[in-house]
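Q: Below are the chains, spelled out letter by letter.
Protein chains: 4
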Amino acid sequence: MLRIGMLTSGGDCQALNAAMRGVVKGICSKRDDVEIYGFQEGYKGLIYSNFKMLTSRDFSGILTVGGTILGTSRQPFKLMRVPDENGLDKVEAMKHTYHKLNLDCLVVLGGNGTHKTANMLREEGLHVITLPKTIDNDLWGTDMTFGFQSAVDIATDTIDKIHTTATSHSRVFIVEVMGHKVGWVTLHAGIAGGADIIMLPEIPYDINVVVDAINKRKAAGKKFTIIAVAEGAISKEDAKLSKKELKAKKEKQKYPSVAYEVAEKIQKKTDQEVRITVPGHTQRGGSPCPYDRVLSTRLGAAAAEAILDGDYGYMLGVKKNDIVRVPLSEVAGKLKYVDPKSSIIKEAEMTGISFGIK
Amino acid sequence: MLRIGMLTSGGDCQALNAAMRGVVKGICSKRDDVEIYGFQEGYKGLIYSNFKMLTSRDFSGILTVGGTILGTSRQPFKLMRVPDENGLDKVEAMKHTYHKLNLDCLVVLGGNGTHKTANMLREEGLHVITLPKTIDNDLWGTDMTFGFQSAVDIATDTIDKIHTTATSHSRVFIVEVMGHKVGWVTLHAGIAGGADIIMLPEIPYDINVVVDAINKRKAAGKKFTIIAVAEGAISKEDAKLSKKELKAKKEKQKYPSVAYEVAEKIQKKTDQEVRITVPGHTQRGGSPCPYDRVLSTRLGAAAAEAILDGDYGYMLGVKKNDIVRVPLSEVAGKLKYVDPKSSIIKEAEMTGISFGIK
Amino acid sequence: MLRIGMLTSGGDCQALNAAMRGVVKGICSKRDDVEIYGFQEGYKGLIYSNFKMLTSRDFSGILTVGGTILGTSRQPFKLMRVPDENGLDKVEAMKHTYHKLNLDCLVVLGGNGTHKTANMLREEGLHVITLPKTIDNDLWGTDMTFGFQSAVDIATDTIDKIHTTATSHSRVFIVEVMGHKVGWVTLHAGIAGGADIIMLPEIPYDINVVVDAINKRKAAGKKFTIIAVAEGAISKEDAKLSKKELKAKKEKQKYPSVAYEVAEKIQKKTDQEVRITVPGHTQRGGSPCPYDRVLSTRLGAAAAEAILDGDYGYMLGVKKNDIVRVPLSEVAGKLKYVDPKSSIIKEAEMTGISFGIK
Amino acid sequence: MLRIGMLTSGGDCQALNAAMRGVVKGICSKRDDVEIYGFQEGYKGLIYSNFKMLTSRDFSGILTVGGTILGTSRQPFKLMRVPDENGLDKVEAMKHTYHKLNLDCLVVLGGNGTHKTANMLREEGLHVITLPKTIDNDLWGTDMTFGFQSAVDIATDTIDKIHTTATSHSRVFIVEVMGHKVGWVTLHAGIAGGADIIMLPEIPYDINVVVDAINKRKAAGKKFTIIAVAEGAISKEDAKLSKKELKAKKEKQKYPSVAYEVAEKIQKKTDQEVRITVPGHTQRGGSPCPYDRVLSTRLGAAAAEAILDGDYGYMLGVKKNDIVRVPLSEVAGKLKYVDPKSSIIKEAEMTGISFGIK
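Protein chains in written order, with full-length UniProt numbering: chain A, 1 to 358; chain B, 1 to 358; chain C, 1 to 358; chain D, 1 to 358.
If you are wondering where the hints come from, they were derived from the structure by calculation, not from laboratory data. It is possible that part of the hints are untrue.
Stretch by stretch, here's where chain B covers chain A in the computed footprint (C-beta under 8 angstroms, at least three residues) [to be verified]:
id : segment
1  : 161-169
2  : 349-355
Derived lysine-lysine pairs resembling DSSO-like cross-links, with alpha carbons at most 27 angstroms apart [to be verified]:
id : chain 1 : residue 1 : chain 2 : residue 2
3  : D       : K240      : D       : K346
4  : D       : K358      : D       : K243
5  : C       : K236      : A       : K52
6  : C       : K249      : D       : K265
7  : B       : K268      : A       : K268
8  : B       : K268      : A       : K247
Only a predicted model underlies this, so the values are computations on that prediction, with no experimental measurement involved. Just so you know, even glycine gets a beta-carbon here, dropped at the ideal spot from N, CA and C.
Just need the whole structure built from these sequences, with the hints factored in.
A: This is the structure:
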């Protein structure tokens, strides 16, 4: 008998179901004696032994379905070793559930934080296999995460729609794209949507350069400017503050989000009307795009193969067009940022995009 | 020689280009001796005699293109008879342009405010034909305006995407849909997207009823609640205030928009996380949906026919499946609201939707 | 106790699930004591007493899901009174199932053929309520059927995509749109997609006029021509044949479908390359468009209301913007054709569309 | 002065305009003294000196527009050295045009055949830079071509729509996907759409295995089977024939396309109804997907950089996430096939997909 636990953790994204379907179909293609324990709402389900027994039937027909049939929750790794209100040590609780159910392997789908915890569980002796799930594409060790391309598609569609209305009026439009720490979604959606200005967490902006770019467009007879701004975009002044100073400043300013902050700055320095669009959680929603379905299905099947091989302790990732096993110890705790000096930035600038810097 | 002036006024929407294409193709199918004057940016172009000479070629290939090739601007009808900074009487200026160019007819595409002005120009003796353009579907005299269905499609797509992410987390999601005075887009998108609660300007809400609906869903094991709220949704307390009192209150509260106000109220009265999505101007953007393309093409062709008949002073509208000529004098100044007692509201309630009232 | 039978019959279409959800949610909003019998695969399920007991939970989350959770089959009404291979009289079998289960009402979702049978069952004394389901929009007694607008959207999307590739090459493109007897989908998709020529079952075409229209475009410097042809489009010569003669001719010609026939005729008479696209059953597939979701939800809720009123023997239809009860006796056996003299045809012609006639 | 010629050759695809925009914006970001010669309809324009002078304005707003503003035609490389009806040597004609216009570089966008000719022109001493355009993704030297992902998206959407209608009926559905020699689009769309059987040119099928797979599904209670078949799919018997024998056989059989052939074989060996969908040229149409827009923009900008560097004789390609210059001499004449032994095939099989082989 092969006993597999499975959980999805962190912010949800597209293709979680597709990936799990790949894992289960892959295992069941070779083995009949499989039990699948679906832990509910991320690590919480593992901690509190909250699970459902699932069969391969439960994974049929979910290739195209957004969300996760297991539910998810922001993962509580920070508090891991701090007992909860009932005195429960969460790491021990997870180990207890794992051993009590006599699991052969725990399959974890998640992003950066999730991988730290997954690696800790591996260090504690559990068999763990992980899949790189995040719209942010910021996981180390894989060329691409699933969810990313779907999010780019949605953010780009938002910019496309804004484009037609922008051409009718003389305005500055700001589209706020998801990404607190990394700007991959904003960068790709900005290029794909033909944004005029892109503001990323990795490239602190100079508001005067942004304003210059707007004015230059106006002077050239272009009536509108479209700005794609990442949630975590930051001015070069703010980038110099300490974390504590920045937090205090933000709390004082009370902007609902970064788009409102940028809008106010632009309105103070130009005579243009500014409009804001916040597609928000739609970027995590809807059916996964075909790219993500293929990627997640392949990763899932490759995870099944690793499990059937009894080869644990890896994240499955994609390198070029191949699926590879990346040691969890190498993945955990590393983020993949947009490099301001990379060729994609340079290529974007050559097509006229301003990143708000000189 | 037939000389036609054309302008698009007010907020832009989908199918403006499609409608103009219909007018021009329709006229040119019968007459070779046509001159088309495209006034830029709405009534402004007529006032300041800012126009381009266009040919039927300019209207080829724009059936599917969003926005308006003429540009538009919020229309300045309130100030019509008040001279501008240069002492210009705007109504006289428009008449002057019309007569100077020796126009046979002015074709105006716009919403409610635009129609008031168009009717005034008619009263001043100009030949005017109008087309009912607005995402709000609030024009009197037509079953449907173009732009509406496209906006519903986009707002519904937003709710659809939120649905998949909502099922993964335990949250309340608020989607803010366009509509300051009327709730047609919110109502249709809310039903189409399967929203649990719909809040309309025409049905002032009781926050306690809203909160009850949320709690009832939670008690029934449904993890999430989706709320479609119109920009102009209003609480029953605020609905009792005078316009002045309300304005003062709003300015004090400083909510970026109604979704933030509703979110705060819900967070105070429940233990649920709330997330906000504001699709904003995307609802006016993108290619018109097929429904709007057919409607606008038909309206445009019928406008051409009226012009060829020399039958002026009408808005073209749709009644059942026929295009009809509706006297401008009957249209101007009337809004078509959602009737809280209408059958669509009752049908929506039967499928479990709460409108925030008992 | 209220016992409701339900079935979907005929070719499937979008919003069948949405409509059934409306019925069930509507009934369950007023009554707790409800039993729902879902007959499998259309009238077959009623004949052979093949059903599943369903609860309101089964109808949750299916608003946006295409297809039908009950399955469907081409309905066997022609053979109704002819015993099957086991000597079974099908009408008696249906009545037997109905009475055996002690049903209060049978809810039938279907098109033209389905309605004939439903009316027969009504005449046999059963309580029947029907909903107008068909992509063809050819049911008498309602302004609109659900499924139609979704099919138009898909066929239009096909034409849109062909448009971009058409502009790159010098070719004639034929898009074959569903509709054997009526041309509503082809007409609307053709207008919405900007087709140059539209060929409908109701307007027998003259191939020489079609060829003239193609040559005229070429002479005017337009490189491509797009033709939207309904499956049932017919030449004026063939329209004069008897049913039997036509059948014999078609069998001899062995064209896979009408597009291939039209293509061959055009290739014989012009020097242009011709390309064929057959979107086929995709036109019945995918998530219902928002328009159909609203329409089907309203119709479903109104059906629930009729059932709760104990008012049977009706199809629910839409007139203007209201849902109405239309006596089944008036609906059965009537088709709603495109009228060649209607205003929409005239309006389409004014925008330059040729219907292949002089 | 920098004089750039540009042409698009072969079957059109998405993102041709986006790529050209990237080239022109990239060059104009560094140089003011640029002349752009847009050759019409592929190499024909170069042969017959048929071009338009273009400015950067012509490339504004075309990022999202399908097709090619230059037009294209199947490229005549086979006849290159054979004089045409007027005794014209085409290679000399192209060289003549190039030198007459005093071009600094010729930018060529195309697929496999196009690259052979481009390399020949390079060998003749012209400065050539190429961009890898094809929905087939079969070009050697780049991980990915633009057009491919857009085509996969459209083919997948077709399969998705068929899925919902398939679940309502008991049928076999065949979706014919573009790809005569290589099966990349079919493979990816098949996996993404959840096809049950995938038939590729690279993996000759055994019809008995295909039929077994269908019957096995039926026996397992699954009502339908979806088959994604590439245009160039071939049976193992036919794969053994010589080119000449195969051609003779095909001409005798007169199937409109491969889907009809496969359908007939299945209908002979099973009792299931079969339905065919041929999305055809839609797979080349519509707006490029965001993935292709980013890829083509980057490739275009990188081509600009190569030109500004005066570094000619390359195709721009993507390796991992970087844009690289690949010598044309290495690219020309090589096709990138699906390897039947590659990991993606194995992963697909693990998720239950049959490739029609044992």
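Q: All hints are to be evaluated individually against the structure, with a verdict given for each.
A: Now for the hints, and whether the structure bears them out:
1. Under the rule that three or more residues need a Cβ within less than 8 angstroms of chain B, the assignment of the segment 161-169 of chain A holds, with 9 such residues.
2. Coverage of a stretch by a chain is defined here by at least three residues with a beta carbon nearer than 8 angstroms to that chain's beta carbons; for the segment 349-355 of chain A and chain B the count is 0, and the condition is violated.
3. A C-alpha spacing of about 25 angstroms is found between K240/D and K346/D, which places the hinted pair at or below 27 angstroms, so the restraint holds.
4. This hinted pair checks out: K358/D and K243/D have alpha carbons roughly 25 angstroms apart, not beyond 27 angstroms.
5. Taken as a hint, the K236/C and K52/A pair is broken in the structure, with Cα atoms around 65 angstroms apart against an allowance of 27 angstroms.
6. Distance restraint check for K249/C and K265/D: the Cα-Cα separation of roughly 25 angstroms lies within the 27 angstroms cut-off, and the hinted pair is therefore satisfied.
7. Our distance criterion of 27 angstroms between C-alpha atoms is broken by K268/B and K268/A, whose separation comes to about 34 angstroms.
8. For the proposed pair K268/B and K247/A, the alpha carbon gap of about 24 angstroms is at most 27 angstroms, so the pair holds.
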